[in-house]
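Take a look at the letters that make up each chain.
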Amino acid sequence: MKKVSLVLAVALISFASFSQKVYKTNAAQIKFQPITEEAGCTNNQVQSVLSSTDGKIAFSALIKGFKFSNSLLEDHFNENYMESTKFPNAKFQGIVTNIKEVNFTKNGVYKVTVKGNLTIHGVTKEVTTTGTIEIAGGKVIAKANFKVKVADYGIKGLYIGQKIAAEQDITVTSTYE
Amino acid sequence: MKRILLVSSLIALVSFGYAQTDTTDVFKMMDENDKKAAASATDYTTATFKSTRVIQGPSIETIGAGNMDLRILHRFAPLSGGGKEMFGLDGPATIRFGLDFGITNTLMVGIGRSSYQKEFDGFVKYKLLRQSTGKVKMPITLTYIGTIMDVTDDAYKTANDISGSEAISYAHALAIGRKFNDLFSFQVTPTLVHYNKVPVVGAKNNQFALGLATRLRISKRVNFTAEYYHRFDQMTGFEDAVSLGFDFETGGHVFQLHFTNATGMTERTFITQTADKFGSNTRFGFNLTRIFTIAKPKGVAKAG
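From first to last, the protein sequence lines stand for chains B and C.
Going by my numbering, 25 is the number at position 25 of the first sequence; the sequence numbering is gapless.
Count along the second sequence from 1, add 1000, and you get the number used in my numbering.
Keep in mind the hints are simulated off the structure, nothing from the lab.
Note that this is a predicted model, so its numbers are computed, not measured.
Think of the CB as a built atom: it goes at the ideal place given N, C-alpha and C, for glycine as much as any other residue.
A hint or two may mislead.
[Unchecked claim] Listed below are the simulated SDA-like cross-link pairs for lysine to any residue, each with C-alpha atoms no more than 20 Å apart in a straight line:
(1) B:LYS163 x C:LEU1212
(2) B:LYS111 x B:THR175
(3) C:LYS1135 x B:PHE87
[Stated by the list, open to error] Here are some chain B residues the structure puts well away from chain C; computed CB gaps all over 10 Å:
(4) ASP75
(5) ASN98
(6) LYS149
My request is simple: use the sequences and hints to build the entire structure.
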């Protein structure tokens, strides 16, 4: 009996250390401000997964999910720039290169580097950015802020480089379950 | 003890292996999620028309919740005035000032004042059906537009022996529109105009008309628009309204430039009381629209 319980305990411990491998959310947030003098846009329904074991991280956002307070700007954004009927979503698939430095069982803010492929408007580019992973009472919160050059992704338009900044400042916040 | 270690390490290995297979396919999992999400979500078609009016008549579109649209509709005098009248630009021109408000993303209201016959108008516009793909498949957008109009021009009232509430008229329209692709949209608009008192002896109080409208995309910011209203109940001395135009987009504005035979810009005036023939008495006109955000919907980022 003693033996069995010991085996069970060891098994449980070993299992526990490998459980919570994949963190998920379908309510990650991506924010940016396409036009300098107008209010920005937010997508609150971004899908994301993060694997604590190998550091793989992925995001997927519907372009039509970016909500503007001005409905005309939202129409322009979808139809003239992002061409969202042709390219309905933006994606990121990458790896947290220093995932080993993140202790998922200990509260704290860990600085991380993320490297991977970003797909916007049907164009895929390799990007690297820094961000943080915060462990707070069992919650995992990933944050990153990076710049995207509009021209790199084949997005064209009259106002790019004028009213619309040629380089967009993107903020990503993902709170995983 | 040896056995315990063996068993526990085996279990550890198995669970480790399990964890590994579970995570290697994180990207695949996301792709499958996307597919599932796409199948379970309804994708509403946007920008069937670029504005809430095709030219004179309403389009199926409404403005977003919390948005206010300041609209200035302007029609010059006929081009037939020639060079001496600067092809109608010298006037007399007619103008309608309007303020539209988006209550929800499918409901809007608006008020306006036209210089032509000194007319006040108010309307309510509601999207009953929205064209969509995905989970809910809907081939068309169906929008109801109800308008009330009140003429206050004493000359018009005296000439037609109209007083009090007789000066009021109503219009009910059902706009049925479809965006076939990014380049082509089409709309039919059965409309009923009701006069409390008609200005022409023997004319019906209820007058039916059918509007046809289209949008053709020429470039990312230029669209060709055309609109025609056929009257089934005609008052003698009036013509069907024909309008051809171009929409130009610039950020928060849409400029609509067009040629039309209509003078008025409300259902009663342009559908049932267009006096001039298209071709011989065409006018140049424009609609200016500027959208302001007056109330921010929830979940939208602040500036900065």
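Point to revise | Straight-line alpha-carbon gap LYS163 of chain B to LEU1212 of chain C, limit 20 Å | key: Violated - the C-alpha atoms of LEU1212 of chain C and LYS163 of chain B are around 36 Å apart, more than 20 Å.
Exercise for review: Take the C-alpha atoms of LYS111 of chain B and THR175 of chain B, compute the straight-line distance between them, and say whether it is at most 20 Å.
Suggested key: Cα-Cα ~16 Å, so holds.
**Study point:** Consistency of the no-contact label for LYS149 of chain B, given chain C and a CB cut of 10 Å
**Key:** Holds, because the least Cβ-Cβ distance between LYS149 of chain B and chain C comes to about 20 Å, which exceeds 10 Å.
Check your understanding: Are all beta-carbon distances from ASN98 of chain B to chain C longer than 10 Å?
Key -> 17 Å, holds
Check your understanding: Would ASP75 of chain B pass as off the interface with chain C, using Cβ distances and a cut of 10 Å?
Key -> 5 Å, violated
Check your understanding: Quick one, are LYS1135 of chain C and PHE87 of chain B close enough, alpha carbons at most 20 Å?
Key -> Within the cut-off at roughly 19 Å; holds.
Checked against the numbered hints given earlier, the structure breaks hints 1 and 4 and satisfies all the rest.
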